[in-house]
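Chemist: Okay, here's what each chain looks like letter by letter:
Number of protein chains: 2
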Amino acid sequence: MLMVVREHDPLGRDVELFRRHLYTTGKVGPTAKGSEGAELVDGLVVREGDFKLVKTRFSAFFSTHLHSVLQREGINSLVITGVQTPNCIRQTVFDAVALDYQPVTVLFDATAAATPDIHLANVYDMKNIGVATPTLQEWSESKA
Amino acid sequence: MLMVVREHDPLGRDVELFRRHLYTTGKVGPTAKGSEGAELVDGLVVREGDFKLVKTRFSAFFSTHLHSVLQREGINSLVITGVQTPNCIRQTVFDAVALDYQPVTVLFDATAAATPDIHLANVYDMKNIGVATPTLQEWSESKA
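Protein chains in written order, with my numbering: chain E, 36 to 179; chain G, 36 to 179.
Isolated chain E, as found in the complex (with noise of 0.2 Å):
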């Protein structure tokens, strides 16, 4: 299990531009480091074994070393869960295509976005290049 986590610098120094406002003197940036907001969500623990990455963009992949990682384990195989949709996990996604990662599954279920619509229309688009997108109960099932 790899645990994907946006965490900031206080300062803002490595938030994308678009976002710096958030972080400016005086402010607790959303997903600051060492703040609430990028703390795990109950029920989420990184175990013994786990592997957290610590990323700063919306792929996993841009700017970090998580294929480097992948691949002297051997994983040619990702299935991706987590939040939002159209945001860190598509980009994800289409970068670990891209990168001819081959199966990829999100499971459809095991994701979200701020609207049903705009889920959907995500997951659509990831099928068209290849994804699979399963339900959670699906996925298990195909694994028993």
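Fair warning: there could be bad hints in the mix.
Identical chains blur together in the list; that is why a pair holds if it fits in one copy or across any two.
To be verified - As a list, the in silico SDA-like pairs of lysine to any residue whose alpha-carbon atoms are at most 20 Å apart:
| no. | residue 1 | residue 2 |
| --- | --- | --- |
| 1 | 162 | 51 |
| 2 | 162 | 172 |
| 3 | 90 | 179 |
| 4 | 87 | 74 |
| 5 | 162 | 52 |
| 6 | 87 | 98 |
| 7 | 162 | 152 |
It is worth saying that the hints were derived from the structure and are not from the lab.
Since this is a predicted model, take the numbers as computed values, not measurements.
With chain E fixed as given, assemble chain G onto it according to the hints.
Modeler: For chain G alone, coordinates are given in the frame of chain E:
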């Protein structure tokens, strides 16, 4: 003007894994270098002073020297057109935002998708990350 064109090795050695079957022996892949599929549509011409960049993945930034070319020229502001909205356009746009280009503009009616719904859903997601999406006319008038 920078023209980004997809061209692939006729043997498919630089094609995404999920499309490799389109480039097997005896087939002419959809955008094989030198084939009709790699030509520009009527009306588009690479003119003197334009820059032609060849890419092999959705994003024009993926494994190309686009970022270094733009940085060298001191270009921070991008206006993006072409097809299709969900794939090449969107992936290029999201990478441009991740790379802190600003402003990033997509001309609403100078890009397109398989259906109007797909186009609109992708424009919606791009607006949500701060991308401007004027029509060609609106943009032209703002430059006048």
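Chemist: Now tell me if each hint is right for this structure.
Modeler: Verification of the hints:
no. : hint      : in the structure
1   : 162 - 51  : between (28 Å within a copy, 15 Å between copies)
2   : 162 - 172 : within (18 Å within a copy, 33 Å between copies)
3   : 90 - 179  : neither (32 Å within a copy, 40 Å between copies)
4   : 87 - 74   : within (12 Å within a copy, 45 Å between copies)
5   : 162 - 52  : between (31 Å within a copy, 15 Å between copies)
6   : 87 - 98   : within (15 Å within a copy, 26 Å between copies)
7   : 162 - 152 : both (15 Å within a copy, 16 Å between copies)
Of the numbered hints given earlier, the model fails hint 3 alone.
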